[in-house]
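First residue of the sequence shown? That's -16 in the numbering used here, and the numbers climb one at a time after it.
Hints listed in this document are in silico derivations from the structure and should not be mistaken for laboratory results.
One should not assume that every hint holds.
Unchecked claim - Derived pair list, reagent style EDC-like, types lysine to aspartate or glutamate, alpha-carbon separation capped at 16 Å:
hint, residue 1, residue 2
1, Lys382, Asp226
2, Lys76, Glu94
3, Lys310, Asp226
4, Lys275, Glu139
5, Lys56, Glu75
6, Lys(-14), Asp85
7, Lys275, Glu140
8, Lys(-14), Glu139
9, Lys(-2), Asp85
10, Lys7, Glu65
11, Lys271, Asp158
12, Lys5, Asp72
13, Lys86, Glu75
14, Lys(-2), Asp72
15, Lys271, Asp256
16, Lys86, Glu118
17, Lys5, Asp85
18, Lys190, Glu146
19, Lys209, Asp226
To be verified - Computed beta-carbon distance windows for the label pairs:
hint, residue 1, residue 2, range
20, Val33, Glu329, 19 to 25 Å
21, Asp173, Ile26, 23 to 29 Å
22, Ser246, Ser299, 40 to 46 Å
23, Lys254, Thr295, 52 to 58 Å
24, Glu139, His192, 41 to 47 Å
25, Lys241, Lys382, 18 to 24 Å
26, Asp226, Val352, 37 to 43 Å
27, Val54, Asp260, 29 to 35 Å
Model, not experiment: these values are computed from the prediction.
Beta carbons: idealized from backbone N, C-alpha and C, even for Gly.
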Amino acid sequence: MFKIHQSAEENFNTKVYSLIEKIKVIFSENLSRPTFKTDIKAIEISDEDVIGSIKESLCDYKGNTVGRFFVNKGVKYGLIDEDHRSLVDLAEKMQNLPTFRDKLSQNFIEEKIFSWLELAYINTQRSDFISYLIEEAKPLVKSHVIYIPIANMIVEEPFSLCEAIVCNITESFIDEMVKAHGSVGNSSQDKLIENFRTQYQGYAVVKIHLECEPDLANELSIIIAKKVVSFLSIYSGVLLVNDIKCISKIKGTENLEKLSIISCSESSWNKTDKVLDRASMKTWYISKSNIKEYMYIGLETLSMMSTKEKPTEFESLLLNACMLYSKATFTAEPLEKLVYILSSLESVLLKSENEPIQQNLTERFAIFVSKELTERKDIIKNLRAVYTLRSRYLHHGYKFKELSKDYIGLRSKLIWL
């Protein structure tokens, strides 16, 4: 399963071993703590509740791990900041090896490096790191089927896209899942299952088959699912309508604006949840004929390019432009849509950041779209007017309400372009 050149193995073993000298005693006062007490409901876990050793880590404001710790004989040891960065850099290089790239995640390798260091530090580790890593990974590398739910999307029949299958979660699928793993008759579990059916049954998912360890399976599935929903969103039609966005993204990331209101009186209290963007909350039904049309006008080409192991420079450029273009579908603000659309055009039609944007982009776009001189002149004129709108929005602080008259005047021409 894992084959690594002997010299590379020896090199990585040496570098992992060198991290032992970076392990230091960690004092609690070095770690940040909340500065005031809160009323957040929490559960206290006593020492008696803990089975085995606790894996502690330190995260920065982005949630990235910047330190890891272990406790030995009541003393906390670990790697933090630059010392931990050395561990991360080493794990990244290992994960890029062909033998590990498609099987193990960087996070998995980081965790195993630190586990090995802990064992080596307290003198209970006798094997070299690479041998330890392979033995730890072997039982975890297996076939996985991952389902990534898509919000507010229903498909008439399954179809392939970006080496994944877009299909619905059926009633029979959930029945089989409950039969295999559930506990029918347990009231609390029955309630969870019913809630699961309400949220997911009948709606679309991205189904992905992978053979790797679980962390990497999740990471790769999310990357593939993001491509799928981004490419599909281009065909959602929301770019033709003001104040509407596509919310058929990975479920949980759709960003449909909601609010909660808590009102109290002398005798009662009430909580109300309200959707603010009702226009965007509609379910997107994708029929067989829709898919056939989408595939014919470009979706199949995008899918093929995105799954190439080594796409050409131009193909990579087009894929990046389409991902940028798709961002316009995920905002309801008309001028934000405009910014993303123009940015995607610039990424394809401009050779470098030093070119005059308006002149070169408008002329190249006109040549690309039309063969008629008069029509080309109109395209250049309209695109320059669009850039004026964008400039007033981005650089001069105008709101859409103030620019709506000019925008509506250009709207039909923009749709045609």
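>> Under the constraints set out in the numbered hints, which ones does this structure not fulfil?
In response: Result: hints 5, 8, 9, 11, 15, 17, 19, 20, 22, 24, 26, 27 break, sorted rising.
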